[in-house]
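Taken in order, these protein sequences are the chains called A and B.
Take the first sequence: its position 109, counted from the start at 1, is 108 in numbering that gives the first Met the number 0, and no numbers get skipped.
Take the second sequence: its position 176, counted from the start at 1, is 175 in numbering that gives the first Met the number 0, and no numbers get skipped.
Just so you know, the hints here were simulated from the structure itself, not pulled from any lab data.
As the structure is a prediction and not an experimental result, all values here were calculated from the model.
Treat the hints loosely; a few may be bogus.
Quick partial rundown of chain A residues pointing at chain B, CB under 10 angstroms, derived from the structure [claimed, not checked]: (1) Leu-47; (2) Gly-57; (3) Leu-98; (4) Val-115; (5) Ser-147; (6) Val-154; (7) Pro-169; (8) Val-171; (9) Asn-172; (10) Ile-173; (11) Val-176.
Don't be surprised by glycine CBs; every beta carbon is placed ideally from N, CA and C.
These are the residues of each chain, in order.
2 protein chains.
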Amino acid sequence: MEKIRRNERMSAMMKILADSPNRIFTLSYFCDLFGAAKSTMSEDIDILRDVVRQFNLGELETVTGAAGGVRYRCSVSQPDALRFIQALCGELSGTSRVLPGRFLYYSDILSNPKMVQGMGAILATAFADQAPDFVLTMETKGIPVAMSTATALGVPLIIARHASKVYEGPAVNINYVSGSGRIETMSLTRRAVQEGQRALIVDDFLRAGGTAKGMADLMHEFGATVVGMAFVMATREPEKKRVTGEKSLMILSISGDDEETATVTPAPWLLERQP
Amino acid sequence: MEKIRRNERMSAMMKILADSPNRIFTLSYFCDLFGAAKSTMSEDIDILRDVVRQFNLGELETVTGAAGGVRYRCSVSQPDALRFIQALCGELSGTSRVLPGRFLYYSDILSNPKMVQGMGAILATAFADQAPDFVLTMETKGIPVAMSTATALGVPLIIARHASKVYEGPAVNINYVSGSGRIETMSLTRRAVQEGQRALIVDDFLRAGGTAKGMADLMHEFGATVVGMAFVMATREPEKKRVTGEKSLMILSISGDDEETATVTPAPWLLERQP
Chain A
0 MEKIRRNERM SAMMKILADS PNRIFTLSYF CDLFGAAKST MSEDIDILRD VVRQFNLGEL
60 ETVTGAAGGV RYRCSVSQPD ALRFIQALCG ELSGTSRVLP GRFLYYSDIL SNPKMVQGMG
120 AILATAFADQ APDFVLTMET KGIPVAMSTA TALGVPLIIA RHASKVYEGP AVNINYVSGS
180 GRIETMSLTR RAVQEGQRAL IVDDFLRAGG TAKGMADLMH EFGATVVGMA FVMATREPEK
240 KRVTGEKSLM ILSISGDDEE TATVTPAPWL LERQP
Chain B
0 MEKIRRNERM SAMMKILADS PNRIFTLSYF CDLFGAAKST MSEDIDILRD VVRQFNLGEL
60 ETVTGAAGGV RYRCSVSQPD ALRFIQALCG ELSGTSRVLP GRFLYYSDIL SNPKMVQGMG
120 AILATAFADQ APDFVLTMET KGIPVAMSTA TALGVPLIIA RHASKVYEGP AVNINYVSGS
180 GRIETMSLTR RAVQEGQRAL IVDDFLRAGG TAKGMADLMH EFGATVVGMA FVMATREPEK
240 KRVTGEKSLM ILSISGDDEE TATVTPAPWL LERQP
């Protein structure tokens, strides 16, 4: 085999690691792939760790012990996160996206790959320490962002449905109070969740918190623990939600009688300076 | 600024390019980022192109002209695609995933990040030459794979719904014949699609093709062209579908009276040797 140079090894390693966030790759894996000695690979990884940090591309973490190796973690700095969300708020504020009934149109944002990747990376950074086993969302609009968060965390996504489906097998159904105040049903296949697992709830929109509360109740039925709740957008009103401790990316308020105007601002926790 | 070495530049460039498939980055962009001369960056890109090819990580393409630069394209080789799908078929075949009514449980696959990334990359490779402007799917189960395909192509995802939603604004509704033979409604906000755009339809499941036909009809209403149709799974029966020219990743047949067994095989086009 032709000798592979450091710049070649490092570029390939960057792509392989970043494609599988949170997955631990052993040193031997890369030694075999590149035909290089362990000491050489260790040096490569040390340099790569600095590159990733210097250019704000995430984090490389060395894991010691028998199952040790190196893994890539998605990590967005607080200034980068704030800049990204502020740009989004600018795009969403104003009158052109306000629909009759004081609804905000932002479905395009919720399924735009760059937007969804950015939001998912910010949420994954915020909840990585909670070590969720999976991300849970309720169909439909939140699925892309929830998927992107799950990808960045390297965990599966689980999707609750409005009704049991024949192709999902035995399911647990619960009732919850939806945004419009009606009693609705939420359903999740029994195969999806094991007792004792840790759930991160991700959804697109939080108004009163009925659906979010429903998802938390659903996890309770499965014996799973909710380790966090995250939303793309939360409304300013009502201030008191049915859930607590949630993190949203943006706060929405719509005001005006004649021509209604949306004001979208970054959520307070994003404004906090990190230590 | 401290001088940035080639291995550092190349690793960072790899991550930046791969994070935005199909986006053209100018040489100047990287010159500014790394404080390097154009000739140096050209050399970096030449080496990186070979690395990406050697390790089957996709493709780097140099685009000439005024808006020229370099872009990353997702590209899965035919043997890699086949290997990936064969492993998936092994996982899905057998008796344990067959549900009453001859349904196959595979929702877990459809929202597993690694699976979804793999399937999206294969579909993006297959349809990149059709240059779609967006990916269209019908809620719910196909959304993650459709999102992943859109991400790999660097285009937006558009999600058709079962009914018009207040938060999506004016919508076009059409009726279609669903898998169960009933007449159902499909709805898409007017803002989503412009006349003359090119649509790639991606969904999880194809039986008779009623929903797929509905999506094609919907695109017709918008004056958009359908440049391709892709499905994760197609049933062997009925052989004649309501749509033609579709590409699926896997073919499903369920047989047996007492204990039903699923046989899942790679779709024929994946078996073809590429030139």
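- If you take the shortest Cβ to Cβ gap from A:Leu-98 to chain B, is it below 10 angstroms? holds (5 angstroms)
- Query: Given A:Pro-169 as an interface hint, is the shortest Cβ-Cβ distance to chain B below 10 angstroms?
  - Reply: holds (9 angstroms)
- Task: Grab the minimum C-beta distance from A:Val-154 to chain B and call the hint holds if it beats 10 angstroms, violated otherwise.
- Result: holds (7 angstroms)
- Query: Hint check: is the beta carbon of A:Val-176 less than 10 angstroms from a beta carbon of chain B?
  - Reply: Violated, because the Cβ-Cβ distance from A:Val-176 to chain B comes to roughly 18 angstroms (cut-off 10 angstroms).
- Task: So, A:Ser-147 near chain B? Judge it on the closest CB pair being under 10 angstroms.
- Result: The hint holds - A:Ser-147 has a Cβ within 10 angstroms of chain B, the shortest such distance being about 8 angstroms.
- Message: Quick check on A:Asn-172 please, does its C-beta sit within 10 angstroms of some C-beta on chain B?
- Response: Cβ of A:Asn-172 sits 16 angstroms from chain B, so the hint is violated.
- Message: Interface hint check: A:Leu-47, Cβ to nearest Cβ on chain B, cutoff 10 angstroms. Holds or violated?
- Response: Status holds, d = 6 angstroms.
- Against chain B, run the beta carbon of A:Gly-57 and see if the smallest gap drops under 10 angstroms. holds (8 angstroms)
- Item | Hint check, A:Val-171 versus chain B [nearest Cβ-Cβ separation less than 10 angstroms] | At about 14 angstroms, which exceeds the 10 angstroms cut-off, the nearest Cβ of chain B leaves the hint on A:Val-171 violated.
- Query: Is the shortest C-beta separation between A:Ile-173 and chain B less than 10 angstroms?
  - Reply: violated (18 angstroms)
- Is the shortest C-beta separation between A:Val-115 and chain B less than 10 angstroms? holds (7 angstroms)
Violated hints for the displayed structure, listed by number in ascending order: 8, 9, 10 and 11.
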